[in-house]
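First to last, the protein sequences are chains Y and D.
Heads up: the first sequence runs through residues 1 to 334, numbered per the UniProt record's numbering.
Heads up: the second sequence runs through residues 1 to 290, numbered per the UniProt record's numbering.
Worth flagging that the hints you see were computed from the coordinates, not collected in a lab.
Do not rely on the hints blindly, as some may be mistaken.
To be verified - With a straight-line cut-off of 30 Å between C-alpha atoms, the simulated DSBU-like cross-links for lysine-lysine are: (1) Y/K94 <-> Y/K203; (2) D/K198 <-> Y/K107; (3) Y/K119 <-> Y/K74; (4) Y/K203 <-> Y/K181; (5) D/K198 <-> Y/K94; (6) Y/K119 <-> D/K198; (7) Y/K74 <-> D/K198; (8) Y/K94 <-> Y/K119.
Unchecked claim - Simulated DEER-style distance windows between Cβ atoms: (9) D/W196 <-> Y/S38: 25 to 33 Å; (10) D/F112 <-> Y/S236: 56 to 64 Å; (11) Y/D111 <-> D/L26: 29 to 37 Å.
Every residue gets a Cβ at the ideal spot worked out from N, C-alpha and C, and that includes glycine.
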Amino acid sequence: MGRITLDKVSKAFGDVEVIPPLDLTIEDGEFVVFVGPSGCGKSTLLRLIAGLEDVSGGEIRINGQDATQTPPAKRGLAMVFQSYALYPHMSVRKNIAFPMRMASMPKDEQDRRIEAAAKALNLTDYLDRRPGQLSGGQRQRVAIGRAIVREPDAFLFDEPLSNLDAALRVGMRLEISELHKRLTTTMVYVTHDQVEAMTMADKIVVLQAGRIEQVGSPMELYRTPRNVFVAGFIGSPKMNLLTGLEAEKHSATTIGIRPEHIAISSDSGTWKGTVGVSEHLGSDTFFHVTVEGFHDPLTVRASGEVALYYGDTIYLTPDLTHLHRFDAQGLRIA
Amino acid sequence: MATKHSRASARIMISPAVILLLGWMLIPLSMTLYFSFLRYNLLMPGMEEFTGLTNYKYFLTDPAFFAALTNTILLVCGVLLVTVIGGVFLALLLDQPFFGQGIVRILVIAPFFVMPTVSALVWKNMFMNPVNGLFAHLFKFFGLEPFDFLAQAPLASIIGIVSWQWLPFATLILLTAFQSLDQEQLEASEMDGAPWIKRFWFIMLPHLSRAITVVILIQTIFLLSVFAEILVTTNGGPGTASTNLTYLIYMQSLLQFDVGGGSAGGVVAIILANIVAIFLMRMIGKNLDA
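Using the sequences and the hints, build the whole thing.
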């Protein structure tokens, strides 16, 4: 069981309110990702749930029980930190055993859980090493192992992959997703990387300046962003956002069109532009096209390889069924 | 320093400093060694003669030698105990955020800037004096008989004075060590269910081990040669109750004018200090490895 409810939870440091009152429900077994630009309060929110920070107002309920004043260790949550926070003077085995040792668990039960966790995380050969002798990915796995053995109601991850290199990050992403499928325990995951959010989450919570901008499944957020911020934040490369005359044509203040919803033609189309930088990824090619009268260049996706080069003139046609329209407040016009 | 040529020139460039330091060390050392084999008394100038190991024999069989040896060990261990435990405690307090932190930190460090002779005199006359000292007044206030610290418990009093001087050093080093402790580790252990005392024992103390090693090594070097505090307070007395090796050597060579015997004592002290150094490095030196 791991159902976490935030009821009007707020947090202020001195006079600065970093999280205005906020409601959120995390269902049992869900993989929830908090995503937002740095400084948006997503880590603070996680630390409030963990109990490492005291809330300034509101109530946190875990499995229906009020846990607002419960100390961190008693909340039944396990956390994986950005810096892994392994204990450098203890071997991997002792690191993993630490929470169980603090709970005075019988020795043979401790050993059984360590063996199981080490096997699941491919750490069996490293149990007697110190954290300093491990690579970044291995340290990350030890930190996860230390969380698993507690058999918590929910896991909290605070940007766990941001210290890893790109290749390892993709690997660990898969491992964590697999772990979630296997354990079916609630996981709350904080990241600033929207790709991580899109690939791992059951439910994404987009935050900005402490406010929740939108909550929903990755595809919901991708297809129907509730406002301009979510539209610009979710998706890679970013959605093209246009204001001014072009938007007024569609009776909106801002319109958005994703790179894959723009058709390319060499002789006719809605907009005429010049090809700038192109990014060839093999499966896709992204063109940055400068269109006269537009403030920013448009990003356009083409499948496979396309014979277009720097300075070529092309015509672009947006797919109007996939056009996103936003009003003066930045909210979506249905 | 890649090429043979640059390595050779580096050696030439550094040699004046090395030779100077080597001479600075070797000349007094060999003179001390030489004097220790002579019958050399300042009251009988010009009568020096080679006497072999006689000076060593007298120095090592002197009952004062064993008293001084015990006192030296007690003094070093006592001060180390007080400063390390007190230092950890003070550093822990100073690491907490509180009003006036900056001023308090400077106040804590202040005793380290007072020279040993002065601080010993201040303690002797203003605190421990059985008639006028603050402690005497305090005792009288509670209706107790004043305690004559330097006569009744001379070694303990000197341990107190020296500890007061060295506590700031230990506090300072340990405070910086506390500040370099990763907060996420503490938070992780908090989430792992460790109460404060266990966080201190399993996370903070192991983190401090390297700093504590540095404190012990550096302090031992200086504490083996405590001298001024004894000279201005007890003069090694009563009897030999507060005489350490350094003070014994001083008495031998300058109060009894026996340069030969003093030099023999000096050589014995060097050997003992090296034995201590070897044991210390064996015991705690591994903490310094990364």
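Verification of the supplied hints:
no., hint, result
1, Y/K94 <-> Y/K203, "violated, 35 Å"
2, D/K198 <-> Y/K107, "holds, 19 Å"
3, Y/K119 <-> Y/K74, "holds, 27 Å"
4, Y/K203 <-> Y/K181, "holds, 14 Å"
5, D/K198 <-> Y/K94, "holds, 15 Å"
6, Y/K119 <-> D/K198, "holds, 29 Å"
7, Y/K74 <-> D/K198, "holds, 16 Å"
8, Y/K94 <-> Y/K119, "holds, 16 Å"
9, D/W196 <-> Y/S38: 25 to 33 Å, "holds, 32 Å"
10, D/F112 <-> Y/S236: 56 to 64 Å, "holds, 58 Å"
11, Y/D111 <-> D/L26: 29 to 37 Å, "violated, 59 Å"
Consistency note: the structure conflicts with the earlier hints numbered 1, 11.
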